[in-house]
Amino acid sequence: MNKSEFIEALRAKLSALPKEDAQERLHFYREMIEDRMEEGLSEGEAVSAVGNLDEISAEIVAEFSRDKTEEMIREEIETENAKEKKARRHMRAGEIFLLVLGAPLWITILIAVFAVVLSLYVSLWAVIISLWAVGCAVALTSLGCIMAGIGFALGGFTVTSVATFGASLIVAGVSVLLFVLSTAATKCAWFLTKIIFVRCKKSSQRKVKHNG
Amino acid sequence: MDVQLKRGLLDVCVLAAIKNEDSYGYKIIKDVKPYFELSESTLYTILKRLETANMLTVCTAEHGGRLRKYYHITKAGLGRIEDFKDEWREVMLMYQFIIKESAEV
Chain A
1 MNKSEFIEAL
11 RAKLSALPKE
21 DAQERLHFYR
31 EMIEDRMEEG
41 LSEGEAVSAV
51 GNLDEISAEI
61 VAEFSRDKTE
71 EMIREEIETE
81 NAKEKKARRH
91 MRAGEIFLLV
101 LGAPLWITIL
111 IAVFAVVLSL
121 YVSLWAVIIS
131 LWAVGCAVAL
141 TSLGCIMAGI
151 GFALGGFTVT
161 SVATFGASLI
171 VAGVSVLLFV
181 LSTAATKCAW
191 FLTKIIFVRC
201 KKSSQRKVKH
211 NG
Chain B
1 MDVQLKRGLL
11 DVCVLAAIKN
21 EDSYGYKIIK
31 DVKPYFELSE
41 STLYTILKRL
51 ETANMLTVCT
61 AEHGGRLRKY
71 YHITKAGLGR
81 IEDFKDEWRE
91 VMLMYQFIIK
101 ESAEV
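Sequences listed follow chains A and B, in order. Throughout the first sequence, residue numbering follows the numbering used here, covering 1 to 212 in sequence. Throughout the second sequence, residue numbering follows the numbering used here, covering 1 to 105 in sequence.
Just so you know, not all the hints are guaranteed correct.
Unchecked claim - With a Cα cut of at most 25 Å, we get these calculated DSS-like pairs of lysine-lysine: (1) B:LYS85 / B:LYS33; (2) A:LYS68 / B:LYS6; (3) B:LYS48 / A:LYS68.
Stated by the list, open to error - Not the full set, but computed from the structure, chain A residues with beta-carbon under 8 Å of chain B: (4) ARG25; (5) MET32; (6) ARG36; (7) GLU59; (8) GLU63.
It should be emphasised that the hints constitute simulated quantities derived from the structure, not laboratory data. Even glycine gets a Cβ: it sits at the ideal position worked out from N, Cα and C.
Please build the complete structure, drawing on both the sequences and the hints.
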């Protein structure tokens, strides 16, 4: 088979393809045959080196239909994506609009919640501080009672002095109880503070990681 | 081999074949022959695809009294080769891992 016979046979086999496309492919094969002939092959050798006509045409038609199918699928996917993107953009715009519109509302609520939490926390420490203060006051009272007891003893009021010493002992006991209580309360509050602090730190780190 | 994967690899092979100097169909086939078999119809499809993707341009020049098509790589085509090299460093590491882990003990 010579070159022009091969080309004509191939042209007949590619009749299903668009004319321009078939023409371009035929040029491509002609060039392939001519390049082989230039290298020293005879016309017949060059034609058979390019390959079996039936195999070539089958391959071309298969590739062509696959490309077409892929193109169609790709186009379909693209239109789907475009639709989805559009919908997503609308939704996001709507969300932002609501956020901005509701800003006076949610900002106030946020501030209120923060203020409530802060006030609860401050009052917790206020209670603890007053516990310590009461403890100190009671301890001082016990000290005062001892001083008064000494005074009564020096003045000769033995019974009163004994009673005062007894009172001082009772008050001292109460103050020790109060100190124990306030120490425990302080420890609890400190523990709570640490937990809150660690939680905040973790969530902020997570946010940073998420953004990055 | 996976069709999509093979096609992607062949695209880069053809780009590499025209990277240093413009080339033509038969020369590309000859250049890759020591490494793998590339049929004319496959090459045609690849060249067409790369042209559509603006990775190469085609110009027709006269040669020995006839016309021959020459393929010239574009910036995008050069970029594709570089991207491929970057991507495949990772793939080669995965390959090494697979070979190492699947070796019989």
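Results of checking the hints against the structure:
no., hint, in the structure
1, B:LYS85 / B:LYS33, "holds (22 Å)"
2, A:LYS68 / B:LYS6, "holds (19 Å)"
3, B:LYS48 / A:LYS68, "holds (13 Å)"
4, ARG25, "holds (6 Å)"
5, MET32, "holds (6 Å)"
6, ARG36, "holds (7 Å)"
7, GLU59, "holds (4 Å)"
8, GLU63, "holds (5 Å)"
When the structure is compared with the earlier hints, no violation turns up for any of them.
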